[in-house]
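Engineer: Turn these sequences into a full structure, and let the hints steer you where they fit.
In the numbering used here, the protein residues as written are 5 to 136.
None of these hints come from the bench; they were simulated from the model. Accuracy of the hints is not assured; some may be wrong.
Said to hold, decoys possible - Derived pair list, reagent style DSS-like, types lysine-lysine, alpha-carbon separation capped at 27 Å:
id: 1; residue 1: K29; residue 2: K41
id: 2; residue 1: K96; residue 2: K41
id: 3; residue 1: K96; residue 2: K29
To be verified - So the derived label-pair ranges between C-beta atoms look like this:
id: 4; residue 1: C51; residue 2: P83; range: 19 to 27 Å
id: 5; residue 1: A61; residue 2: D92; range: 15 to 23 Å
id: 6; residue 1: D98; residue 2: L38; range: 26 to 34 Å
id: 7; residue 1: A77; residue 2: W109; range: 18 to 26 Å
id: 8; residue 1: T62; residue 2: S37; range: 15 to 23 Å
id: 9; residue 1: I110; residue 2: P83; range: 14 to 22 Å
id: 10; residue 1: D98; residue 2: I68; range: 26 to 34 Å
id: 11; residue 1: G39; residue 2: F76; range: 34 to 42 Å
id: 12; residue 1: E56; residue 2: D36; range: 33 to 41 Å
id: 13; residue 1: H74; residue 2: S37; range: 29 to 37 Å
For each residue, glycine too, the CB sits at the ideal point set by N, CA and C.
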Amino acid sequence: VSRTRDNLDVDLRFSANPFRMQRNKFFILGRDSLGRKRACQIRLPGCSADLEMLDCATNHSIGIARYRGHPFAGEFTLPLHLFSPIHDLFIKVDRRSWFFDEAGWIEIPGVPSLAKVPLSVIYAEAHSLAVR
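Structural biologist: Have a look at this one:
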């Protein structure tokens, strides 16, 4: 998993069960820039595709994610314009087997903001790099 201010990249690996892939959903939970909770879901495909991100509360389309791979492995790229970069994100692949959920939530830390670092510290670090 890799997070920047604008994107979330996730490498996925699945067991070789072709029937389970049809039911897989990817969930992402976080907060927007005002601190309100946001949640979206994406149905995982069996091949490379651009995918609709759906708001969990309204079921409306809120963006496009990209999946590159096949039914058993691939890379997922999600735009994070709806989520605050300073808040943690939580992701989950929902792969239910009867009543049991096979995987829990994964916490992705927020991206530090340069706005919180005093300019004197940034200048001092840049100066020390230039001197070396």
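Engineer: For the hint 18 to 26 Å, verify it against the beta carbon of A77 and that of W109.
Structural biologist: Cβ of A77 to Cβ of W109: about 21 Å, so the range 18 to 26 Å holds.
Engineer: Given the hint of 29 to 37 Å, is the C-beta distance from H74 to S37 inside that range or not?
Structural biologist: 36 Å, holds
Engineer: Kindly confirm whether 14 to 22 Å is satisfied by the beta carbon distance between I110 and P83.
Structural biologist: 19 Å Cβ-Cβ, so the 14 to 22 Å window holds.
Engineer: With respect to the beta-carbon atoms only, verify the hint that E56 and D36 lie 33 to 41 Å apart.
Structural biologist: Since E56 and D36 have Cβ atoms about 19 Å apart, the given range 33 to 41 Å is violated.
Engineer: Verify the CB-CB distance for T62 and S37 against the hinted window 15 to 23 Å.
Structural biologist: For T62 and S37 the Cβ distance comes to about 19 Å; the hint holds.
Engineer: Quick check on a hinted range of 15 to 23 Å for A61 and D92, using CB atoms only.
Structural biologist: 20 Å, holds
Engineer: Would you check the hint for K96 and K41, treating anything up to 27 Å between C-alpha atoms as holding?
Structural biologist: Distance ~16 Å between K96 and K41 Cα, so the pair holds.
Engineer: Would you check the hint for K29 and K41, treating anything up to 27 Å between C-alpha atoms as holding?
Structural biologist: OK: K29 and K41 at ~19 Å, within 27 Å.
Engineer: Lying within 34 to 42 Å: is that true of the beta-carbon distance G39 to F76?
Structural biologist: 38 Å, holds
Engineer: Given the range 19 to 27 Å, decide if the beta-carbon distance of C51 to P83 lies inside it.
Structural biologist: Since C51 and P83 have Cβ atoms about 21 Å apart, the given range 19 to 27 Å holds.
Engineer: Measure nothing beyond the straight line between the CA atoms of K96 and K29; if it is 27 Å or shorter, mark the hint as holding.
Structural biologist: 8 Å, holds
Engineer: Does the hinted range 26 to 34 Å hold for D98 and L38 at CB?
Structural biologist: About 27 Å separates the Cβ atoms of D98 and L38, which means 26 to 34 Å holds.
When each numbered hint is compared with the structure, violations occur for hints 10, 12.
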